[in-house]
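Chemist: Listed here are the chains, written in short residue letters.
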Amino acid sequence: MTSVLAAAPALPLHTAGPYVAAAYIVFVALILIYVAIMARKLTRTQRELRELRRNLEVKEDPEPSVHETSQRSERAQERIA
Amino acid sequence: MRPVLAVLRKDLRLELRTFETLPAMVLFSVSTFVIFHFALARSTISGQLAAGVLTVTLLFAALLGSGRLFVAEREQGGFDAFLLAPVDRTSLLLAKAAAMFLFLAVLEVVAVPAFALLLLGPSLGPRLPGLIAVLALADLALAVIGTLVSAIAIHTRARDMISPIIGLPLLLPALIATARAAAVVLAPHAAGTPPGRWLLILALYDVVFALLSYAVFDFLLED
Amino acid sequence: MSYGRGLRVLSFVTIATITLALALVFFYAPLDVNQGFIQKIFYIHVPLAITALCGFVFGGLLAIGHLRTGDRKWDLRSYVAIHMALIFGVAGLITGSIWAKASWGHWWVWSDPTLVSFLIVMLLFATYQPLRFSIEDPERQARYASVFAIVAGAFVPLNFIAVRMAQGFVHPRVLTLTGGHLPGSMGLTFAISLIGIALLYTTLWKYEIAAKQARMQLRRLRRAALGEDALRPLGRSAAPS
Amino acid sequence: MDPAIELRGLTRRFGERAALKNVTVAVPPGATLAVLGRNGAGKSTLLRILATLLRPHAGEVSVLGQSLPRQAHAVRPKVGLLSHEPLLYRDLSGRENLRYHAQLHRVAPERVEQLLEAVGMGHRADDPVRSLSRGLVQRVAVCRAVLHDPEVLLLDEPRANLDPAAVELIEPLIGRGNGHTRVLTSHDPRSALDDADLVLGLSDGMAAFVQSPGEVTSEQLRELYE
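Those protein sequence lines, which keep their order, are chains A, B, C and D.
Read in our numbering, the first sequence has 71 at position 71, and its numbers run on one by one without any break.
Read in our numbering, the second sequence has 203 at position 203, and its numbers run on one by one without any break.
Read in our numbering, the third sequence has 109 at position 109, and its numbers run on one by one without any break.
Read in our numbering, the fourth sequence has 11 at position 11, and its numbers run on one by one without any break.
By construction, these hints were calculated from the structure, which means they are not laboratory data.
It is possible that part of the hints are untrue.
With a cut-off of at most 30 Å between alpha-carbon atoms, the simulated DSSO-like pairs for lysine-lysine come out as follows [claimed, not checked]:
hint, chain 1, residue 1, chain 2, residue 2
1, C, 101, A, 41
2, D, 21, C, 73
3, D, 21, C, 212
Computed from a predicted model, the values in this text were never measured in an experiment.
Pulled out of the complex, with its shape left as it was, chain A reads as follows (with noise of 0.2 Å):
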């Protein structure tokens, strides 16, 4: 492999530099990628987490009191400040 490497010529840095970025953007993409697909596996497991705490409130209550649900109301204000 010397010899191939010492075939090719030092490449001057403007052409070179692309494609040093390149390979080091594929890289960025890479991990950019998997964290948007961690990100929206994230999503569901929290949306699936809020239903099944939605269901188990309706199964242990069914009509929950007039207190309890502006206490809920209030917590899930709470959340999204």
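Using the hints, position chains B, C and D against chain A.
Modeler: Just chains B, C and D now, kept in the frame of chain A:
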């Protein structure tokens, strides 16, 4: 050893009764030689090209044959019947690999002369001993990997697809060694002896994967 | 839920190491005499490839744990190890291809045995997911995947020997896997890069397992709290369940 | 006396679905357990676990004092399974099939001839299995199941496809009262009840009842098959 022989005898008897595997392998090989003749637009080949054509043809014929290796066991309850017997599970691996090896040997008895007749430029006679040495080691690799892969694939949905896509990359080192060693043997002018280091690689490959298959085969059977 | 433990510290260490590595690559390591600036790809490509290969072997070792104990958590670990290694491997192949194009003018060269071996290993492991996907029973899927992982893990070194021999010993190699002949400053940069990428692999491995376990726990909770009927049936999947 | 077969809390899953849930039953030596239930209730799964073909996921299973799945190798020579499928190669003759199994089980070939005679297969023993009627195939399958003279017989619908005359022939091999401990399933609960000392009703993998045949009410049977 006794259960191995029992299964092997049963497999050979079944093959003689049905002729489901071997004739297909032979026909496939001969057709492939004809296809290579037209695809390469050559009437005779030698050296690396000849070695490549022969190796690739045998490889695909082996994959074709290994695909049928466990079909009767799966479809006619052979797995259950075998598992009910108080015998070592790995004897099934040994028997199937032995059957596969025998199928390949018989295939080559027909396919290699056919290859010499149809495509090979230099005469086969003086090259035969070297070629037999190379092919024997290659057959061992094909038999072991073919058995292992088809045992994995037999319980999958897409078994006809799974076994070649796993088998081909897994067999690549053996394929490299076979093609390179056979190239020397099939050299155009003077027949060479197969280089030791390729035979060594092939033997190493055979030993490693035979032991590995032996170690993991049990887990492919239990449920 | 033990996989989340230590993940935060590990993440920070990983980020710090990779930042340091990038700084060293671009501001500390000298330009290569022959290759010039283009050689900087080496610091990302080779660690990615080495980590991917080690990840494959790691997945095989974890699969041994599964077959020995029969505990499916090992299968999950093995699956994620191979899954991650595949991603790193793809990154390694692309960066390697870019490097080949820049220095030799072709996107692919057959003259470098390491690159060729790497491609073969990738081809083999690319069948891991389809294999899992085509087995429906989760236990059988786990068992067969482990068998595959062990055989394929052992295949990695054997394949390298065979391909290296196929290319012959004609060329002594500068860029050996360990970076043996590199001048000190380049060697240091390479080592830090390798550690950074390996840490990244470990972090993502732990993270992915934690995420998968969380989802499994959630499903179990749903079943316990709401009964069998509340569960949507699992779709066919290559991932352990 | 220790039970020949003992299940305690046996559970087996296929993926997320439990095929058997917490099944507990004990069968004394020489007794016959009839397993009743609809298709998919877990009957075959139970037989396959006892035959060492499937591993239990939870609970304890012991056959002749050996616990499964750990001592499966010691259990195998002592159980005979007559399953839904005949477990015979279609392209081999009955005799060849049995000889093959005799080799695997280390049984003398004379035993094969003896059995073939006993089930009245002497004249058709060299025909390939695929050319035999289902009733004849079942006779060969019975020979296969009892080839190694097992102490425990696991019978999945043993009388399926058999005419009364053939039932007479195989009765001495797998019937009640020759000392075998038996587990049998049947699509016809009435005949199974006549044949059993103990009845296990399976419903969705759970034991609906375990009691002696005399105590099984038609009410229970109706619920089981509804």
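Chemist: So, for every hint listed, does it hold in this structure?
Modeler: Comparing the hints with the structure gives:
1. 101(C) x 41(A): violated (36 Å)
2. 21(D) x 73(C): holds (23 Å)
3. 21(D) x 212(C): holds (27 Å)
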